[in-house]
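Novice: Go by the hints and put chains B, C and D onto chain A.
Protein chains: 4
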Amino acid sequence: MYTQILHEIQQSMAPFANDGAVSNSIPELALIDPSKFGIHLVTTQGIDYGIGDSNERFSIQSISKVLALSHAFTFVGENIWNRVGVEPSGNPFNSLVQLEYEKGKPRNPFINAGALVVADILLSHLNNPKKDFLDFVRTLAHCNTINFNEKVALSEKTVGYRNAALANLLKSFGNINNDVTDVLDFYFYQCSIEMTCKELAHSFCFFANKGKTLTQNKQILTESQVKRLNALMQTCGFYDEAGEFSYKVGLPGKSGIGGGIVAIHPQKYCVATWAPRLNEKGNSVLGMKSLELLTTKTGMSIF
Amino acid sequence: MYTQILHEIQQSMAPFANDGAVSNSIPELALIDPSKFGIHLVTTQGIDYGIGDSNERFSIQSISKVLALSHAFTFVGENIWNRVGVEPSGNPFNSLVQLEYEKGKPRNPFINAGALVVADILLSHLNNPKKDFLDFVRTLAHCNTINFNEKVALSEKTVGYRNAALANLLKSFGNINNDVTDVLDFYFYQCSIEMTCKELAHSFCFFANKGKTLTQNKQILTESQVKRLNALMQTCGFYDEAGEFSYKVGLPGKSGIGGGIVAIHPQKYCVATWAPRLNEKGNSVLGMKSLELLTTKTGMSIF
Amino acid sequence: MYTQILHEIQQSMAPFANDGAVSNSIPELALIDPSKFGIHLVTTQGIDYGIGDSNERFSIQSISKVLALSHAFTFVGENIWNRVGVEPSGNPFNSLVQLEYEKGKPRNPFINAGALVVADILLSHLNNPKKDFLDFVRTLAHCNTINFNEKVALSEKTVGYRNAALANLLKSFGNINNDVTDVLDFYFYQCSIEMTCKELAHSFCFFANKGKTLTQNKQILTESQVKRLNALMQTCGFYDEAGEFSYKVGLPGKSGIGGGIVAIHPQKYCVATWAPRLNEKGNSVLGMKSLELLTTKTGMSIF
Amino acid sequence: MYTQILHEIQQSMAPFANDGAVSNSIPELALIDPSKFGIHLVTTQGIDYGIGDSNERFSIQSISKVLALSHAFTFVGENIWNRVGVEPSGNPFNSLVQLEYEKGKPRNPFINAGALVVADILLSHLNNPKKDFLDFVRTLAHCNTINFNEKVALSEKTVGYRNAALANLLKSFGNINNDVTDVLDFYFYQCSIEMTCKELAHSFCFFANKGKTLTQNKQILTESQVKRLNALMQTCGFYDEAGEFSYKVGLPGKSGIGGGIVAIHPQKYCVATWAPRLNEKGNSVLGMKSLELLTTKTGMSIF
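Chains as they are written, first to last, in my numbering: chain A, -6 to 296; chain B, -6 to 296; chain C, -6 to 296; chain D, -6 to 296.
The reader is advised that the hints may include incorrect statements.
Taking lysine-lysine and the DSBU-like style, the derived pairs with C-alpha atoms no more than 30 Å apart in a straight line are [to be verified]:
(1) D:LYS205 with C:LYS290
(2) B:LYS96 with C:LYS150
(3) C:LYS96 with A:LYS98
(4) D:LYS274 with A:LYS96
(5) C:LYS96 with A:LYS96
(6) B:LYS290 with A:LYS203
(7) A:LYS282 with B:LYS96
(8) C:LYS205 with D:LYS261
(9) B:LYS261 with A:LYS282
(10) A:LYS274 with B:LYS274
(11) B:LYS261 with A:LYS290
(12) B:LYS96 with C:LYS98
In short, the hints are calculated from the structure, not lab data.
The following block holds chain A by itself, in its conformation from the complex (with noise of 0.2 Å):
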């Protein structure tokens, strides 16, 4: 069935090819290929269904914060939730203005402030930050060779003033224990971190699987940590745009300004879409479409 679906997803995305832009914030990935265009989904039999250029590696960027929340979990658990909301933000990711009225607590974990909460948890818990979390993603994606793009790491540190504004924000409200400077570097590469599609739906796929690894069955969060993570996907993936995901594909999922969107199934499959035009909310455009047309056609959704 996928087989099909995914084809016909494929050629249904002509008419839009050219609509939106790619992102233009960090230098290093203004190069990338407009034109590229792939998706993979994978079962959770452990079915594999690709198409187009679901096996060339991109930079995951925002989609690493589920990762990191989901590293930073193990350690924490519930706990994260003192430092950092679960409430939509209905502002731009970058905002600072939220972050203000509110005292330095994020309203959520994929909004940058909060995924620098994440990292700010993340440097206090492991001894080898960097490698410890790509050794994590490692596992999780059961592949070896994924790595951090240093190039592209170092490119968002030379114009990274947002997210520097952010950190500092937040290092004035208490809610940052480490160095700012560590943990702007810690962040920039958690987000320049490159997957293929097909690694990108694998290392999720834990989310539709309750909780466990697809190929070793590795038990990463609880069935009921999974839930919740998933059900924080479904209310503030996509900034400012949560609602009209959730609205149009029906599916938890978060989405990165490479291109990127990962979509989570429960219980059935895990897709990662690469697309790297992106709408003006920072969502890529094909990557949206198509999993709306995924869900359309294969007539399931959560709802």
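Specialist: The following block gives chains B, C and D in isolation, referenced to the frame of chain A:
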């Protein structure tokens, strides 16, 4: 199964019985006995499970916004999104701030501003707005004795300055077509509808039942439409606590300041709770706890 | 001296004669001839200097807020500051945002929200509010033909949704004691008063004259009180352009969307200008330029 | 006259001696003796009147913003307003909200964001920024022993996360040209300058003296320029309490969290007060009361 679970839930509520406070925002509603508590769950197979005060009518208040939206949807369909958004607001239900910043387009139809726009749409499409809307609700509930509580409607009118401010602000932006006074009058009546937990659960069951009413199998909305409205309830149904409800309960739903909550497990059941004491966000304390327990104990959520 | 200067000013206006646009916020006001231009300056010695259309009446609109405040001040004195502040708002004159954040206490009496509170105070203290207020203004101007323009008042009522929103929001916070409709009605009448530049300059001359009217030497407010209200005009008289006016003109003053501006040089003179084309902040383009030239050419400002 | 008045003021302060609290925002400043109190007034004729601790140096902090602006003004003149506004902010001095909404253009040069832009301008125009700026201040005060307090500067650096957030946010909008770290370093040094009340009053006396220094008659700014900066101090010199100061004191001025305030009566005098206890808006309690008494007792204000 559900009989036992509802029983256990009821027993688990004792420690929280005095948490929160009855809403004092509408004089007439402040008179409610705060100790009331009822749950009714109806499966898509039509099996009923009730406990406590589940057959006593109460003011459904904002829960009516979902019914009004559904009714408006039958007239204007997706065009409704030209006048109101689908994004969570991140602000209290009656805030004017966002409405001013966003030039009169309410974030979603479940905050007051959005519900006033929906009321305006119904006024433009119904011959006898109050009667016709009541008929719609009676059809959903399959019950002809459901009615407005005029005393509550008038009571709200005497204190409804915040809603009058919202309606006038909407009108100043051209997003109300009818007379402001008429829109407010209809809105206050709509909110004053009284139903039991059982009637509420039955009325909302078409959201769990692919758009069809339970008893008469009448198609109210298409399967695709109910999916979308379920998704909307998931992200926007609980004011600025939508994330919290989604995180803890994992089901789409809608609350009202009368103390009611409705939640939907698509293809499985619809459940309504009533307990008048509200937390500071305006949602029923026992209602939220009950539903969290329900999804924990059944092990079933949409995620 | 002033004769020559006013003449030069009038001649310097030519290049800017078509800048800005007549306000279209009130239908009746949109009909004004945009080319009107007048200045009248009266010294505290009672010497008059007029030029252009300075003897033609126009709608004083928000300039009336200073007169209303002065009148209210004679009843409640400094107690007024329990209900309205003395700080510049930094927001457009009709914004609801700040009012909501600051729980119904308007920043100052010259934004609309503040003026509505002042109107409410007058309603509570005057037997025949409209008549009594008009008498107060006539006394200040020493002219019995000054009157409301009922057509303008009614015209504003038909479009005054934003003000209705403000009044209702104030009422929801308990900062309006009278009926919202009555407050709005009085406010629209107050704003509809028509005066010539000469009448305006004379009416406001007590602010330059230690609190005494020019012609009858009647003490309206104490010397200390007029100093304070002058200070308030300095910081808050020009909506979110108060700083600009203060920076360029260096005198306390107040503008109205009818195109009028009054400015005061304490102990020296009072000047009123009229030119209906407004800049985007709602202040008269030629009025602001004229007054900037006036203080430049006379070499006199309060600083 | 002034001798007697200053004496009376000092005596009137007793009941308020313990009101407010020393700022704890900079560790080194929190060590100040809270009972310090001094006033120095110098007339444009060069006659000095001092009382209390008026010859003891203290940290001038934000008062330095006026001196930095004056210095920058000598280089770029009115062009400065392309990068910073002249409007009161209506927000706390260190707020990021408005800066984000208004896309990186600070409301005025006296809130921290604006002062950071001014610091950036000075960095771009001075060969030895710290030394050159210090020389400028020494010239104004006609005193060569005035200096930075490096301990205070470094102390502020250890806690200056909010300012770092502002500087990074400005940089993200392209409104900082130099390195963020350099701008912050210069800014912290600038704020750490220590002066006595007498030195402060003398330094600022050119604002009362048509732009010329008192002792050397050196033209720092033109007469027109000092009028404009006086007007700016009037509307923006006291954070979100500018209206209050203007209303009660009626003079342009500037405060600092070290407890100092400078006020100017154009063509008459310049006065500086020092009393470390601050009200909740960050302005010296006794300083504000003293200056209110001063204008009341002298019967002289600009209005």
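Novice: Does each hint hold? Answer for all of them.
Specialist: Against the structure, the hints come out as follows:
no. : hint                   : verdict
1   : D:LYS205 with C:LYS290 : 21 Å, holds
2   : B:LYS96 with C:LYS150  : 21 Å, holds
3   : C:LYS96 with A:LYS98   : 23 Å, holds
4   : D:LYS274 with A:LYS96  : 17 Å, holds
5   : C:LYS96 with A:LYS96   : 19 Å, holds
6   : B:LYS290 with A:LYS203 : 16 Å, holds
7   : A:LYS282 with B:LYS96  : 28 Å, holds
8   : C:LYS205 with D:LYS261 : 25 Å, holds
9   : B:LYS261 with A:LYS282 : 29 Å, holds
10  : A:LYS274 with B:LYS274 : 28 Å, holds
11  : B:LYS261 with A:LYS290 : 22 Å, holds
12  : B:LYS96 with C:LYS98   : 23 Å, holds
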